[in-house]
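Chemist: Sequence:
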Amino acid sequence: MASTLAESASNLCKKEIVRPVANFSPSLWGEQFINFAFENELAENYAKEIEGLKKEVSSMLTATGKDMVETMNLIDTLERLGVSYHFENEIEELLERFFNLNINYADEAYDLYTVALHFRLFRQHGYRISSDIFKKFIEQNGKFKDTIKSDARGLLSLYEAAYLRVHGEDILEDALAFTTDNLKSMAPNLSSTHGKQVAHALEQCIHFGNPRIEARNFISIYQEDESKNEMLLRFAKLDYNSLQMLHKKELYEVSRWWKDLDLVSKLPYARDRVVECFFWAMGVYHEPQYSVARIMLTKTIAMTSIIDDTYDAYGTVEELEIFTEAIMRWDINEIYRLPEYIKPFYSALLNLYEQFDEELSKEGRSYAVHYAKEALKELVRTYHVEAKWFIEGYLPPFSEYMSNALITCTYVYHTTTSLLGIKSITEEEFEWLSNKPKMLVASLIICRLVDDIATYEVEKERGQIATGIESYMKENGVPKEVAVDKFFEMVLNLKEDWRITNVYMLRIGGNLCESFARHPRSNRGIPWPGSSEYVLTTALVSGIL
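Heads up, the sequence shown is in the UniProt record's numbering, so the first residue is 1 and it goes up one at a time.
Just so you know, these hints were derived from the structure itself, not from any lab.
Careful, some of the hints might be misleading.
Straight-line distance between alpha carbons at most 27 Å, and here's what the computed DSSO-like set of lysine-lysine pairs gives [stated by the list, open to error]: (1) 388 with 377; (2) 228 with 55; (3) 343 with 388; (4) 362 with 377; (5) 237 with 196.
Now the in silico label distances, taken between C-beta atoms and shown as ranges [said to hold, decoys possible]: (6) 188 with 388: 37 to 43 Å; (7) 256 with 370: 24 to 30 Å; (8) 361 with 181: 22 to 28 Å; (9) 88 with 23: 44 to 50 Å.
For glycine and all other residues, C-beta sits at the position ideal for the given N, C-alpha and C.
With the hints as extra help, turn the sequences into a complete structure.
Modeler: Shown next, in the form of structure tokens:
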């Protein structure tokens with residue numbers, strides 16, 4: 001029976017087949033990370049000095065007699081320098097205490113910078129602070145006061161705070177437009193340090209940024225600030241370099257695994273993007289305690305990328321039917337039915353999950369692998385539907401497209417696999433996630449719409465008609481520009497709802513709520529990292545000492 005199936009698959013592959021090959025560019029990185037050598041002595045030296053500096057910073061945070069304004073400024077500096085993860089408990093205790101003080105921000109003692117900073121920090125940490133605190137800066141005619149137009153520091157603080165708005169907060173909608181216009185006009189005349197900060201914020205607000213890139217950028221700006229704290233600067237640089245060494249070590253491990261699989265030579269139609277996959281995982285969680293989780297997530301993203309390319313850029317209808325069935329059955333004996341080119345990948349995929357199962361079984365968490373497999377099967381089924389649409393030239397109605405595309409955006413699968421390596425996540429919480437709570441659905445929609453905007457032209461060149469933009473254009477009788485604007489509008493509305501629901505759930509408690517709120521960075525605007533050599537090199541390679 002097996003030989004008959006093998007002959008059938010072999011005959012299928014021998015037929016003349018026209019494949020929609022995508023012709024992806026090769027990897028930018030070569031053997032750069034495979035050749036990385038971890039310097040144990042240097043890492044130990046970093047760790048020793050960091051521990052001493054941590055004690056000093058902790059003392060600064062908890063010092064008696066320090067007022068709220070000064071402490072909130074310190075918390076903001078620590079977060080922007082990328083070192084606040086060392087002091088999560090201390091910061092949460094301080095914020096809870098400060099919030100319960102019920103400060104009267106209408107008092108003249110609180111200027112625009114301070115009010116906006118406190119608003120942003122409280123909302124970032126899930127506290128329901130009202131936007132009414134900004135009414136003191138509004139004239140009776142509903143416009144912002146002219147007196148704050150020249151306050152560059154305050155305007156920048158308000159600009160960043162405005163990104164934490166929710167539906168119905170017209171005052172923050174107006175604040176974003178007001179601050180954007182004024183900051184753009186004053187930026188060329190600002191001092192070098194402040195000008196750089198404003199220019200960066202206008203291009204990329206804090207809330208939508210990748211944490212490691214934002215930290216790297218702020219460290220560069222902070223070191224030019226005349227009022228900087230030299231100890232904090234030293235601490236931030238050491239910690240960045242120390243954490244970067246760990247990331248490089250992880251990337252070495254992932255790169256060696258990827259090279260040993262040798263899927264790039266066996267599947268030349270697929271993307272060679274394991275470094276970019278790691279960068280994506282680093283955007284989910286960069287902290288050292290998530291090292292194992294980061295490696296697991298990177299491997300699953302890399303494998304998903306190959307599956308995506310097989311459905312999107314290579315397989316025929318008949319081949320994909322067989323491959324889909326093989327994934328559903330999840331049995332190594334299915335390999336005999338598969339076309340020759342995909343057999344090495346199928347074997348590697350099943351082997352990877354066996355390794356996950358062995359590792360997590362030691363912790364009594366093999367249930368996590370079950371949920372990851374089920375999420376992958378769901379993803380493959382929707383990839384199959386999408387591939388048939390493409391090959392058959394079918395353009396579905398927008399609602400049908402979105403129903404399928406919310407899964408093909410990969411966020412259900414990758415949110416699930418991002419939790420594989422987190423020991424605190426229970427089976428009940430995986431079950432909750434598998435039922436697709438509203439906060440996850442909002443992330444799926446954001447990711448799908450942003451991705452559709454970004455990839456529309458490329459997919460159009462490849463002859464792909466079953467895209468979200470095309471479906472929306474046809475159904476509503478509008479040109480591309482209108483469809484794109486509508487997609488952006490939907491994304492922004494969802495971001496407003498998602499981020500506040502997300503952080504408020506964090507205040508309710510629960511391991512998974514906390515992990516999801518802190519980690520999958522849909523609110524950071526990075527559904528898939530670009531392959532910009534500059535951005536990735538800054539985050540992964542360039543030291544700062």
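Chemist: Against this structure, judge whether each hint is valid.
Modeler: Quick rundown of the hints versus the structure:
Taking the CA atoms of residue 388 and residue 377, the gap is about 17 Å. The hint holds against a cut of 27 Å. A distance of roughly 19 Å separates the Cα atoms of residue 228 and residue 55; the hinted pair therefore holds under the 27 Å criterion. Proposed proximity of residue 343 and residue 388 is supported: the alpha carbons are some 21 Å apart, at most 27 Å. A distance of roughly 25 Å separates the Cα atoms of residue 362 and residue 377; the hinted pair therefore holds under the 27 Å criterion.
For the suggested pair residue 237 and residue 196, the alpha carbons sit about 19 Å apart, so the restraint of at most 27 Å is met. Evaluation of the 37 to 43 Å hint for residue 188 and residue 388 yields a failure: the beta carbon distance comes to about 54 Å. One distance hint, 24 to 30 Å for the beta-carbon pair residue 256 and residue 370, holds here, with the actual separation near 28 Å. Separation of residue 361 from residue 181 is about 58 Å and departs from the stated range, judged on CB atoms against 22 to 28 Å.
Look at residue 88 against residue 23: about 46 Å separates their beta carbons, and that is inside 44 to 50 Å.
Checked against the numbered hints listed earlier, the structure breaks hints 6, 8; every other hint is satisfied.
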